[in-house]
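Whole structure, please, built from the sequences with the hints as guidance.
Top to bottom, those sequences are chains X and W. The first sequence begins at 116 in the working numbering and counts up one residue at a time. The second sequence begins at 504 in the working numbering and counts up one residue at a time.
Mixed in with the good hints, there may be bad ones.
Derived DEER-like restraints, expressed as beta-carbon distance ranges [to be verified]:
| id | chain 1 | residue 1 | chain 2 | residue 2 | range |
| --- | --- | --- | --- | --- | --- |
| 1 | X | LEU228 | W | ALA532 | 42 to 50 Å |
| 2 | W | GLY563 | X | GLY129 | 41 to 49 Å |
| 3 | X | GLU199 | W | GLU506 | 29 to 37 Å |
| 4 | X | THR131 | W | GLY519 | 50 to 58 Å |
| 5 | X | MET142 | W | ASN566 | 25 to 33 Å |
| 6 | X | MET142 | W | ALA512 | 29 to 37 Å |
In silico lysine-lysine, DSS-like type, Cα no more than 30 Å apart, as pairs [what the hints assert, rightly or not]:
| id | chain 1 | residue 1 | chain 2 | residue 2 |
| --- | --- | --- | --- | --- |
| 7 | X | LYS168 | X | LYS124 |
| 8 | X | LYS133 | W | LYS597 |
| 9 | W | LYS602 | X | LYS134 |
| 10 | X | LYS137 | W | LYS571 |
| 11 | W | LYS602 | X | LYS124 |
| 12 | X | LYS156 | W | LYS571 |
| 13 | W | LYS597 | X | LYS155 |
| 14 | W | LYS545 | X | LYS153 |
| 15 | X | LYS151 | X | LYS124 |
| 16 | X | LYS156 | X | LYS133 |
| 17 | X | LYS124 | W | LYS545 |
| 18 | W | LYS597 | W | LYS504 |
| 19 | X | LYS134 | W | LYS571 |
| 20 | X | LYS155 | X | LYS134 |
| 21 | W | LYS504 | X | LYS168 |
| 22 | W | LYS602 | W | LYS504 |
| 23 | X | LYS168 | X | LYS133 |
| 24 | X | LYS137 | W | LYS597 |
| 25 | W | LYS545 | X | LYS151 |
| 26 | W | LYS504 | X | LYS151 |
| 27 | W | LYS504 | X | LYS155 |
| 28 | W | LYS602 | X | LYS137 |
| 29 | X | LYS137 | X | LYS124 |
| 30 | W | LYS545 | X | LYS133 |
| 31 | X | LYS168 | W | LYS602 |
| 32 | X | LYS155 | W | LYS571 |
| 33 | W | LYS602 | X | LYS153 |
Here are some chain X residues the structure puts well away from chain W; computed CB gaps all over 10 Å [to be verified]:
| id | residue |
| --- | --- |
| 34 | VAL127 |
| 35 | GLY129 |
| 36 | GLU139 |
| 37 | LEU160 |
| 38 | LEU188 |
| 39 | SER201 |
| 40 | THR226 |
Hint data in this document are derived by calculation from the structure and do not stem from the laboratory. Even for Gly, the Cβ is constructed at its ideal location relative to N, Cα and C.
Below are the chains, spelled out letter by letter.
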Amino acid sequence: DTEVTQTPKHLVMGMTNKKSLKCEQHMGHRAMYWYKQKAKKPPELMFVYSYEKLSINESVPSRFSPECPNSSLLNLHLHALQPEDSALYLCASSSRGTTDTQYFGPGTRLTVL
Amino acid sequence: KQEVTQIPAALSVPEGENLVLNCSFTDSAIYNLQWFRQDPGKGLTSLLLIQSSQREQTSGRLNASLDKSSGRSTLYIAASQPGDSATYLCAVRKTSYDKVIFGPGTSLSVIP
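Shown next as structure tokens:
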């Protein structure tokens, strides 16, 4: 099973709302990633968790708060977002072995009103 | 700072043609290079991953090559099909613990 799942598929929220994105994988991968992708642009890395610890934070605003409750789950908590945060949010996972292929989920399409 | 570029930005070919997509990177000290495909509004699908010690990888009609010294990789697609229409992105990683740097992608359209 090489599947990464993400929920919800679509999310519309106001600037005062609090919401969360969820990502799950059962491949035994110990690295998990959040990316943000704007239309017609490549994905931009936001966060990397390695062995459930935050290892990379690409200077992301604090209104985005990642959480890795266990090795299979990755959350992204959203609060007080801006309309420019509207984008496709992608989760990915990889092993730390010799292949290190990143497997991506289908993404959550986020719209901030 | 690693920079990744892809040429061409867009490509339209008739069905059945063989084609080559190009990826260039500025820092040759890479850990691996990965090619992805992305359909509109969807996630990325990994196509091929080439480790720094490898020269090429093949999967079905796809062949990816890597020339670290010149900072280049190519993705060769044989006998293209309309289902191959998508955006193709290459991505490089400097070490196993570094972030992945994506190129801007090549938008491919295969005309029936």
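Fill in: Satisfaction of hint between X/LYS124 and X/LYS137, Cα-Cα up to 30 Å
Holds, at about 10 Å.
Worksheet item: Can we confirm that no CB of chain W comes within 10 Å of the CB of X/GLU139?
Response: 14 Å, holds
Item to complete: Starting from the hint 50 to 58 Å, judge whether the C-beta atoms of X/THR131 and W/GLY519 obey it.
Response: 54 Å, holds
Worksheet item: Is 41 to 49 Å right for how far apart the beta carbons of W/GLY563 and X/GLY129 are?
Response: 46 Å, holds
Worksheet item: Are the Cα positions of W/LYS597 and W/LYS504 separated by 30 Å at most?
Response: 10 Å, holds
Worksheet item: Is the straight-line distance between the alpha-carbon of X/LYS156 and that of W/LYS571 30 Å or less?
Response: With a Cα-Cα distance of about 25 Å, the restraint between X/LYS156 and W/LYS571 holds, given a limit of 30 Å.
Worksheet item: In terms of Cβ atoms, is chain W entirely out of 10 Å range of X/SER201?
Response: At about 13 Å from chain W, X/SER201 clears the 10 Å cut-off, so the statement holds.
Fill in: Whether X/LEU160 stays farther than 10 Å from all C-beta atoms of chain W, as the label says
5 Å, violated
Worksheet item: Within a Cα-Cα threshold of 30 Å, do X/LYS137 and W/LYS571 meet the stated pairing?
Response: Violated: X/LYS137 and W/LYS571 sit about 37 Å apart, past 30 Å.
Worksheet item: CA of X/LYS168 to CA of X/LYS133, is that 30 Å or under?
Response: 23 Å, holds
Discussion item. For a C-alpha distance cap of 30 Å, please report whether W/LYS602 and X/LYS134 respect it.
Written reply: 26 Å, holds
Fill in: Straight-line alpha-carbon gap W/LYS545 to X/LYS153, limit 30 Å
Judged against 30 Å, a Cα distance of about 12 Å means the pair holds.
Checked against the numbered hints given earlier, this structure breaks hints 3, 8, 10, 19 and 37; the rest are met.
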